[in-house]
Amino acid sequence: MASVAVSKDSLESDSDIHITLEDQQKINRFARHNAKWEELREDLKNKKGDLQNLEDASDDLLLVDDESAPIPFVVGEVFVHFNMEDAKEKLEEAKDKVKKDIEAIEAECTNIKTLMSDLKTQLYAKFGNSINLEAEEE
Amino acid sequence: MASTAACEPIEESLKLSGKKSFAGIPEATFVEDVDAYMKDREGVESILRQLDEQHGKYKFMELNLLARKKKLKSQIPDIQKSLDMIQVLEAKRKTNEQIETHFLLSDLLYSRAVIEPTDKVCLWLGANVMLEYTLEDAKALLEKNHETAMKNLAQVHHDLDFLRDQMTTTEVNMARLYNWDVKRRQALNAK
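First to last, the sequence lines map onto chains A and B. For what it's worth, full-length UniProt numbering labels the leading residue of the first sequence as 1, then goes sequentially. For what it's worth, full-length UniProt numbering labels the leading residue of the second sequence as 1, then goes sequentially.
Since the hints were made in silico from the structure, they are not lab data. Just so it is clear, CB atoms sit at the ideal spot from N, CA and C, and this is done for glycine as well. Take the hints with a grain of salt, since some may be wrong.
[Claimed, not checked] Derived contacts from chain A toward chain B, CB cut-off under 10 Å, selection only:
no., residue
1, His18
2, Ile19
3, Asp23
4, Arg32
5, Ala35
6, Lys36
7, Val75
8, Gly76
[Unchecked claim] Restricting the straight-line Cα-Cα distance to at most 25 Å, the calculated cross-link-like pairs of lysine-lysine (DSS-like) are:
no., chain 1, residue 1, chain 2, residue 2
9, B, Lys144, B, Lys71
10, A, Lys36, B, Lys59
11, A, Lys26, B, Lys59
Please model the complete structure; the sequences and the hints are all you need to start from.
Dropping the structure here:
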C-alpha cells in the first residue's frame, strides 16, 4: 500500500504549518484513492492476461483443420464439447466481455488519477515540501 | 472538546451515504491544535506509545478485513462459473442435444462423459449438503448468492476505506506530535 508521509522540517519552517480538519480529510481521501488505484491496476493486469489467453486460443482455433471435430471448451471446471462454430462464438463472447471489463476499469483508473492529481496540487500548495504524496514505484 | 466535535461532521456525512457504520472500528480523534491538545497532558512518550498501539490495532484489523476480502473475491468467480454452466445446459436443453464433456475426476484426470438434456441440477450448498434443483431455481439461487457476495464485498471495501482513514489520521497525529515535541525541546534548550 502506498504511504502518505507528512513530515515537518521544524528547523526551517517555524511558522507552524497548521493542519486543519479539512486538510486531514483531503489527505485521507488521497490515501483512499491511491489504494483503490493500486487495486484497479492489479485487476487490469489480470484482465489483460485473460484477454491475451483468449486471443491465443482463438488463433489456435483457426489452425484446426477438421471442421467437424468437437472442441472442448472450458465452462467452469469441465470441458464441454462444442462444434467449431459454437466454440468460435463462445470465444468471441468471452473476449467481448473481458474487453468491456477492461474498458470499465481503465475509465475508472483515469477518473481516480484526475481526482488524485487534483488533491495533490491542493496539498502541495499548502504544505510544499513537508508532505510526500508520491506512490512508491516498484 | 474541540477535536471530537470536529470529528462529528465526518461521521454524519458518512451516515448520509446510507451505509451502516463500521464494524467495531474505533474512530481516531483528529487533533486540531497540538498545543491545546498537549496543554493538559504530560508525557509525550506515553501519548506516542498510545497512538502507536492504536496504529498497531488498526493494522491488525486491516489484515482481517483483507483476508475476508480475498475470500469473497475468490467466491465471486466461482459463482459466475456455475451460472455460465447453467446457461450452457439451458441452451442445450432447448436444442435437445446431448452434451459431450471431459469431466474432472481429479486434478490431472479427466474422463469422457455424455450428458442427456436435463432440467435438473444438483447444487453443492456446503457442509456436505447437496440439493437437487430445477435449472430455473438453481439459476435464481446462484444469482442471489452472487448478489449477496457482491454486497458483502462492497461492505468490506467500505470498512477498509474507513479503517485506512483512521490509520492515516493516527499516523499524521503521531508525526505532528513528535515534531511539536522536538520543537518544544529545542525551545527549552535555547532558553
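Taking the hints in turn, this is what the structure says about them:
{"no.": "1", "hint": "His18", "verdict": "holds, 8 Å"}
{"no.": "2", "hint": "Ile19", "verdict": "holds, 7 Å"}
{"no.": "3", "hint": "Asp23", "verdict": "holds, 9 Å"}
{"no.": "4", "hint": "Arg32", "verdict": "holds, 5 Å"}
{"no.": "5", "hint": "Ala35", "verdict": "holds, 6 Å"}
{"no.": "6", "hint": "Lys36", "verdict": "holds, 8 Å"}
{"no.": "7", "hint": "Val75", "verdict": "holds, 5 Å"}
{"no.": "8", "hint": "Gly76", "verdict": "holds, 4 Å"}
{"no.": "9", "hint": "B:Lys144 / B:Lys71", "verdict": "holds, 18 Å"}
{"no.": "10", "hint": "A:Lys36 / B:Lys59", "verdict": "holds, 18 Å"}
{"no.": "11", "hint": "A:Lys26 / B:Lys59", "verdict": "holds, 21 Å"}
Taken one by one, the earlier hints all hold for this structure without exception.
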